[in-house]
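Engineer: Let the sequences and hints guide you as you build the complete structure.
Letter by letter, the chains look like this.
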Amino acid sequence: MQRILFLDDDEQLAKVYKEFFSNLGYQVDCAQELEEAEALLDHYPYGVVVTDLRLSKLGFGGLELLKHIREQALQTRIVVLTGYGWPELKSEALSYRVDAFVRKPTRMTELAQTVGLLMGAGA
Amino acid sequence: MKTPLLQAVLDPDRLTVFFQPIFHSRRINQVYSLEALIRGPRGTNLERADVLFDYVRRKKAEALVDQSCVAAICRAAVDLPPHFRLNVNVHSSTLGQNSAFVKYFRNQAKKYSLALDRFTVEIVEHCPTSNVLGLMHSIGVLRSAGVRLALDDVGLGQSNYRMMVDCHPEFFKLDSYFVRGLRVDPRRRAVVQSVVTLAQAMGSSVVAEGPESKEELWELAEMGVEFTQANILCPAMPLQDLVAAGLLGNVDAAQESEKKIEDIEGARQKLAAAAGEL
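These protein sequence lines are chains Y and S, in that order.
Just so we're aligned: 70 in my numbering is position 86 of the first sequence, and the numbers increase by one with no gaps anywhere.
Just so we're aligned: 167 in my numbering is position 166 of the second sequence, and the numbers increase by one with no gaps anywhere.
Incorrect hints may have been included.
Claimed, not checked - Taking lysine-lysine pairs in the DSS-like style, the calculated list, with each CA pair at most 25 Å apart, reads:
no. : chain 1 : residue 1 : chain 2 : residue 2
1   : Y       : 88        : Y       : 2
2   : Y       : -1        : S       : 111
3   : Y       : 88        : Y       : -1
4   : S       : 61        : Y       : 51
5   : Y       : 74        : Y       : 88
6   : S       : 3         : Y       : 51
Rather than coming from a laboratory, the hints here were simulated on the basis of the structure.
Fair warning: this is a prediction, and the values are worked out from it, not measured in the lab.
Structural biologist: Here is the structure:
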């Protein structure tokens, strides 16, 4: 089963992701902290990681996660999901070879389409 | 920062304790000790122990979580028959940097009427210990209370020669990486043999983790490995399941283990016969 990791500190949103993507047949893990996401990434193979760039309680954890993925040379696709349009943040994220940006709020079907395309494309 | 997830890990009530028997290699109907193994809060991503402790190290919360684990273990072990020994994992950084840990450990053992000389502290070293003096002090206090020491994951990571000399553990726990496949890999076999020789020279014993076949169990015993911990003999499980399965001393368990010994003897004879044919 293809596995997705969401990093978002919004617990309610995490539940929505989990339910929606589980119904599509994915194995879904949701992390609310950077360290939790990093620990999961080191133990499970994820086809796609979806992360918010700015985690309100924890600063810019999303960027740290992108750095971790690239430093560890993990074979996973990255979708950045953010409600913040800061160009400098987006520019830094791009330097970590992000596969797709999706603006929050977004329709789940649109996010699912992006995830599906990346899963199909492989690493 | 103590996030809600870390707070959950720091609550002993949210942790689950499994126990896995460590057997005498030549008498696998005899449990020598039980290693207490922690599972993280149910319903979280940290139920799996490797993810849990990876998270804890990233949060730099080893000392606090080691305390939480000790509290959960002591409470879970209260119903364990008193002749069983208990192995408890503790980060070397906890012993090195947190002088309060040993006191906490003693208090928890006392609270549940567990004699300290039943415990073996397995020193887990995932990063070099910066405070060697603190570590030595903690070890001295534990030793004077009758606690034995084991060096975990020997051969991997930071479980190095210096720790063997400084800590002088009673047990070297040989990682499964070197144990699995030792019969067909001369390099693994060489590592196992060298660790056994080293342990014997230091007056210590070797515990092999993770053999996967009867032939490996036999081979390890022949090489001088005194103790074995393996899923093939008994996986980790809650204490009540160990008791229900009769693995803590009833007749059925003894008979089951006797059968395993017979199987191993059979394997031994087959190997000897095969060697004779060659």
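Engineer: Now look at each hint and say whether the structure bears it out.
Structural biologist: A quick look at each hint next to the structure:
1. 88(Y) to 2(Y): 17 Å, holds
2. -1(Y) to 111(S): Given pair residue -1(Y), residue 111(S) is violated - Cα atoms ~43 Å apart, limit 25 Å.
3. 88(Y) to -1(Y): With Cα atoms ~16 Å apart, residue 88(Y) and residue -1(Y) stay inside 25 Å; holds.
4. 61(S) to 51(Y): Within the cut-off at roughly 19 Å; holds.
5. 74(Y) to 88(Y): 14 Å, holds
6. 3(S) to 51(Y): 23 Å, holds
Violation of the numbered hints given earlier is confined to hint 2; every other hint is satisfied by the structure.
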